[in-house]
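Fit chain to chain and form the complex, with the hints in mind.
Protein chains in written order, with the numbering used here: chain A, 2 to 259; chain B, 16 to 373.
Calculated from the structure, these hints are not laboratory results.
Check each hint, because a few of them may be wrong.
[Stated by the list, open to error] Listing some non-contacts, in silico: residues in chain A with all C-beta distances to chain B over 12 Å:
#, residue
1, Asn25
2, Asn42
3, Ile64
4, Arg107
5, Ser112
6, Val130
7, Ile146
8, Ser171
9, Asp220
10, Ala232
[Stated by the list, open to error] Beta-carbon label-pair distances, calculated as ranges:
#, chain 1, residue 1, chain 2, residue 2, range
11, B, Leu143, A, Leu119, 26 to 36 Å
12, A, Asp78, B, Thr47, 44 to 54 Å
13, A, Glu61, B, Val364, 18 to 28 Å
14, A, Gly155, B, Asp346, 49 to 59 Å
[Unchecked claim] Listed next, the in silico DSBU-like pairs over lysine-lysine satisfying Cα-Cα at most 35 Å (straight line):
#, chain 1, residue 1, chain 2, residue 2
15, A, Lys186, B, Lys51
16, B, Lys167, A, Lys81
17, B, Lys51, A, Lys125
Just so it is clear, CB atoms sit at the ideal spot from N, CA and C, and this is done for glycine as well.
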Amino acid sequence: MAQEPILTARGLIKRYGRVTALNNADFDLMPGEILAVIGDNGAGKSSLIKALSGAIRPDEGEIRMNGQPVSFSSPMDARKSGIETVYQTLALSPALSIADNMFLGREIRMSGFMGSVLRKLDHKAMERVAREKLSELGLMTIQNINQAVETLSGGQRQGVAVARAAAFGSKVIILDEPTAALGVKESRKVLELIQSVRSRGIPIVLISHNMPHVFEVADRIHIHRLGRRLAVINPKDYSMSDAVALMTGAKTLTNEAA
Amino acid sequence: MSEPTAAVPHHDYEKVIKDSSKEVASFETKRTALQKLQNFLHTSPSAVSLIVLVVSVTVFGLLLGSKFFSAFSLSLILQQVAITGIVGAAQSLVIMTAGIDLSVGAIMVLSSVIMGQFTFRYGLPVELAILCGFVTGAACGFINGILVSRMKLPPFIVTLGMWQIVLASNFLYSSNETIPSQQIQADAPILQFFGNNIRLGGAVLTYGVVAMVLLVALLWYVMNHTAWGRHLYAVGDDPEAAELAGVNVGRMLTSVYTLSGLICALAGWALIGRIGSVSPTAGQFANIESITAVVIGGISLFGGRGSVLGMLFGALIVGVFSLGLRLLGTDVQWTYLLIGVLIIVAVAVDQWIRKAAR
Numbered sequence: 002m003a004q005e006p007i008l009t010a011r012g013l014i015k016r017y018g019r020v021t022a023l024n025n026a027d028f029d030l031m032p033g034e035i036l037a038v039i040g041d042n043g044a045g046k047s048s049l050i051k052a053l054s055g056a057i058r059p060d061e062g063e064i065r066m067n068g069q070p071v072s073f074s075s076p077m078d079a080r081k082s083g084i085e086t087v088y089q090t091l092a093l094s095p096a097l098s099i100a101d102n103m104f105l106g107r108e109i110r111m112s113g114f115m116g117s118v119l120r121k122l123d124h125k126a127m128e129r130v131a132r133e134k135l136s137e138l139g140l141m142t143i144q145n146i147n148q149a150v151e152t153l154s155g156g157q158r159q160g161v162a163v164a165r166a167a168a169f170g171s172k173v174i175i176l177d178e179p180t181a182a183l184g185v186k187e188s189r190k191v192l193e194l195i196q197s198v199r200s201r202g203i204p205i206v207l208i209s210h211n212m213p214h215v216f217e218v219a220d221r222i223h224i225h226r227l228g229r230r231l232a233v234i235n236p237k238d239y240s241m242s243d244a245v246a247l248m249t250g251a252k253t254l255t256n257e258a259a
Numbered sequence: 016m017s018e019p020t021a022a023v024p025h026h027d028y029e030k031v032i033k034d035s036s037k038e039v040a041s042f043e044t045k046r047t048a049l050q051k052l053q054n055f056l057h058t059s060p061s062a063v064s065l066i067v068l069v070v071s072v073t074v075f076g077l078l079l080g081s082k083f084f085s086a087f088s089l090s091l092i093l094q095q096v097a098i099t100g101i102v103g104a105a106q107s108l109v110i111m112t113a114g115i116d117l118s119v120g121a122i123m124v125l126s127s128v129i130m131g132q133f134t135f136r137y138g139l140p141v142e143l144a145i146l147c148g149f150v151t152g153a154a155c156g157f158i159n160g161i162l163v164s165r166m167k168l169p170p171f172i173v174t175l176g177m178w179q180i181v182l183a184s185n186f187l188y189s190s191n192e193t194i195p196s197q198q199i200q201a202d203a204p205i206l207q208f209f210g211n212n213i214r215l216g217g218a219v220l221t222y223g224v225v226a227m228v229l230l231v232a233l234l235w236y237v238m239n240h241t242a243w244g245r246h247l248y249a250v251g252d253d254p255e256a257a258e259l260a261g262v263n264v265g266r267m268l269t270s271v272y273t274l275s276g277l278i279c280a281l282a283g284w285a286l287i288g289r290i291g292s293v294s295p296t297a298g299q300f301a302n303i304e305s306i307t308a309v310v311i312g313g314i315s316l317f318g319g320r321g322s323v324l325g326m327l328f329g330a331l332i333v334g335v336f337s338l339g340l341r342l343l344g345t346d347v348q349w350t351y352l353l354i355g356v357l358i359i360v361a362v363a364v365d366q367w368i369r370k371a372a373r
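Extracted from the complex, chain B is given alone in its bound form (with noise of 0.2 Å):
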């Protein structure tokens, strides 16, 4: 059967089969604009928050002029939103899934607490209290997805435990003690290794920012090149359909959380170089923040659906806000009234993306 072969009837009404028509459907391009565009938002799901980012940018540069539209002041927003935007790679993995994750924040603390307090109490060398860092991340996050994809639990419920968990751990663990910047800068510098920065004219990125960047290029990669991130998109979209394909769902969901705490620790990494010391009170509410650039960015929440890449401009839109409403000497509430709007905007511009597939 290399060419479609004609028909041959076997009964009766299929005789008139070879008399039929043989033009390939074609279906009528005449679209209204806005349909146009529908159909291009859903083709491009990051396209919104690009759009939204680049308008913002315009207009507080018009209201602010080069108080804002300067290499520094963007970059500095840059350096804002580099915490929210490598933890909003975790949440966009998980979120992708359908799921949520309410302990990135949590996990993130507790991890910077770890490669301190491993660093100063125990006098562990450094980078071995950083790998243990990074080994409590995992492991949380791998917690989190047995709990998940084995015991069948609701993600928001596990990791609305898990936060709580990792939270009162960092407490107890940490007695509430910070490690002063000082010291660190002393005795175990690479710990604010992510606080070091370029200067490029009067642009300053810091590593952090840098680390987030090639973060999201890196898992954009994964998801769009790789089989692990077309199972992401599989299992999100309809898990029973991409098991019965030949995706093994119950894995696949384990391996996401755990990379969700894998991401989570280097976010605590970075945490210490931005704020300088090592706090169990810092990012408190990073776990909100993730979530608000990954549906400002235009992921659904339904999951299958969108770009970390959307994640990233959703989470700078929340920067240029803060930064631009902060220079305009407006109330600091204008900012969160806004992004709230833009919180529910985003879901209702999503539910009318999604009908151009209907």
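Isolated chain A (complex conformation) (with noise of 0.2 Å):
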């Protein structure tokens, strides 16, 4: 590909006292391209993606945006380069409303002398804006969009974090396991949304232990194993079989796959 990627990693190393959980770790994410990330438990996805979206500095490497090395403190940084992470955990606040998780830390407030003095939150703007995510993912069967988060239902939960991302990602959206805790139909939903979000020219990363569905959406595969990528692989020239071989080491790679 003649494109330069939109965001690498190279060299990323992240020790926690003995264990080593990224081991001189590359990564490469093309413009408009939906990347899936798989390996085995403990291979280091999480340390990479935690590493991507600013949740973890490495303790060596170097990560670049564009072409131009960036250095994330904090999500918070990564968010301000346009990078949208949606966690395994979720990182929803269960005693706020959905419409408060949505615009946590990038609120909306009135406009004129009650959103610039008084520092006033548009509530009424927020809670359109998300129940307009929440349709557009058609994910939702919630009639409140102002009850707590801790009464949502786990997919439901995930729907609104998927919502999160999708809504705010400028440049790259990353999700982690974003269909673990979703039933057949949500997940088909998460996925259509996923392709949705590539049509409009936004790359994505998806984390899956689910074969099938990063072998439908994903454009390349990379694969995570000990620390480290071992290859990226085009879900056209390999089975599925193949992949899961790879991950395990029951398999090396004999040609090297761009």
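Shown next, in the form of structure tokens:
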């Protein structure tokens, strides 16, 4: 590909005491693609994603966005650069409402005196946008946008978290196991959402254990093993069992795939 | 994707989805009265304390008649809880973040001593001395906040230490010297500003009471209608989730403890109005009284739940019991005993209400 990658990482190293979670890991995300990241439990997928989304700071290595070196010291930094992440833990505040959660850290204030001096939030506007985003997703069977997140089911919570990322991600969206807690129907909705986000030109990083989902939507598959990138494969050239064999070490790659 | 499009099946097992039920999930609303009550209380956290307050006022009113149920007596309760209410507002903010501030009373006293001593010992203009008192309060709170947010020390330990440090500094600095009321009245009456009062019929409302009510109203607004307030709940609820969702948890905690110190300084000023003099030995139990008000007011010690209005009701409940039992002529220990019972009941009710969410 002649295109320049939008997000790259070179030689990332992250150690937790004596455990090395990332061992010289590389990463490339091309514009407009869906890149799946797969790997066994403990392969370091989560650490890689956290480094890219600013949740952890790698001990060594370099992350570049559009060719420019970036250093994220917090998830807020990454968000300001347009990287939006749905964490496995979802990062929702149980006692706050759906609308409050979607706008946490980027609330809309009232216009004029009420907003600039009294710092009053525009609850109506936030509720309206939240409702729009959720119905775009088609995920929700929620009557009340003001209900606390703790009253939602697991799948609904996941929907709120995905909707939040889709609503605000401008450069890259990272999804860590977005379908893990969802039923068949809801998973389908999320996969459709992923494709619709890509059709807007925004690249997506998808971490998943669900091979059928990965092979269905991914343009390329990044296989992570023992803290580093083992290979990047094209799902059209390999079967699901090949991918599983590679990530578990049952098979090694003979010809280097692009 | 403006409309939820019909799912296009990609896998065999998904083909049946198109026949699936289109009904929106609706839940059986056949709940027992008790469950309804539990749910109501879960969504309105200050309701329990309001109910207890109304019931206790009614009971004492019936027992004591006009001796208790008069504008004068009821406004007396307000005057007696003004300091606790202001300090309790500071405490509410801290407890909302799942922390605790044991140093509130000490910061209050130190601030009031600084306001008095700076005026009379150094001859500073009284306005400047008051400002110095506020700066001191905020600085103490700021140190608490930095130790909790940056050094990651437990709030209980930090503020336990700060309580001793501030209280000792207060005695060392003031050499245990009280500035008498007459002297303040003659030379710096503005120190007693919050002791002035408004009379409405038989009711006597000191400026301290007005300040407490305004402060609670302001904090209620801030907590419900500003981003800072929403972040306060998010940080108390689940700090890790809040951090990942884009809240600067460290800065939030620092600002909460600093604001708590600042409010304590306000309480220190109001304290001079209440007792007339500047005394380094005043307000010894303000920390325990504020925690009591917060707990009875239904703010969860685990953070993220409750309302500052509840704290006000909690403080008033304590005031109603104190005055009511005194007018009944009971031993004052009965007051402490009943307040102890109330604290435990309040926490038990909080646990029960939380189950509504499960």
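Here's how the hints hold up against the structure:
For Asn25/A, the requirement that its beta carbon stay farther than 12 Å from each beta carbon of chain B is met, with the minimum near 26 Å. No beta-carbon of chain B is positioned within 12 Å of the beta-carbon of Asn42/A; the least distance is around 21 Å. Ile64/A, annotated as away from the interface, keeps every beta carbon of chain B farther than 12 Å; the closest lies near 18 Å. The Cβ of Arg107/A does not lie farther than 12 Å from every Cβ of chain B; its closest approach is about 7 Å, which violates its non-interface assignment.
With 12 Å as the threshold on Cβ separation, the claim that Ser112/A sits away from chain B holds: the shortest Cβ distance comes to roughly 15 Å. Its beta-carbon lying about 14 Å from the closest one in chain B, Val130/A satisfies the requirement of being farther than 12 Å from that chain. With a least CB separation of 14 Å from chain B, Ile146/A remains clear of the 12 Å interface cut-off, as annotated. For Ser171/A, the requirement that its beta carbon stay farther than 12 Å from each beta carbon of chain B is met, with the minimum near 14 Å.
Listed as a non-interface residue, Asp220/A keeps its Cβ farther than 12 Å from every Cβ of chain B; the least gap is roughly 16 Å. Once the 12 Å rule is applied to beta carbons, Ala232/A is consistent with being away from chain B; the minimum gap is 25 Å. Our hint of 26 to 36 Å for Leu143/B and Leu119/A holds, since their Cβ atoms are close to 29 Å apart. One distance hint, 44 to 54 Å for the beta-carbon pair Asp78/A and Thr47/B, holds here, with the actual separation near 50 Å.
Between Glu61/A and Val364/B the beta carbons are some 53 Å apart, a value that contradicts the proposed interval 18 to 28 Å. A hinted range of 49 to 59 Å holds for the C-beta pair Gly155/A and Asp346/B, which are about 55 Å apart. Using a Cα cut-off of 35 Å, the hinted pair Lys186/A and Lys51/B holds, with the two alpha carbons roughly 32 Å apart. Using a Cα cut-off of 35 Å, the hinted pair Lys167/B and Lys81/A holds, with the two alpha carbons roughly 26 Å apart.
With a C-alpha separation of about 28 Å, the suggested pair Lys51/B and Lys125/A falls inside the 35 Å cut-off, and the hint holds.
In this structure, the earlier hints numbered 4 and 13 are contradicted, and the remaining ones agree with it.
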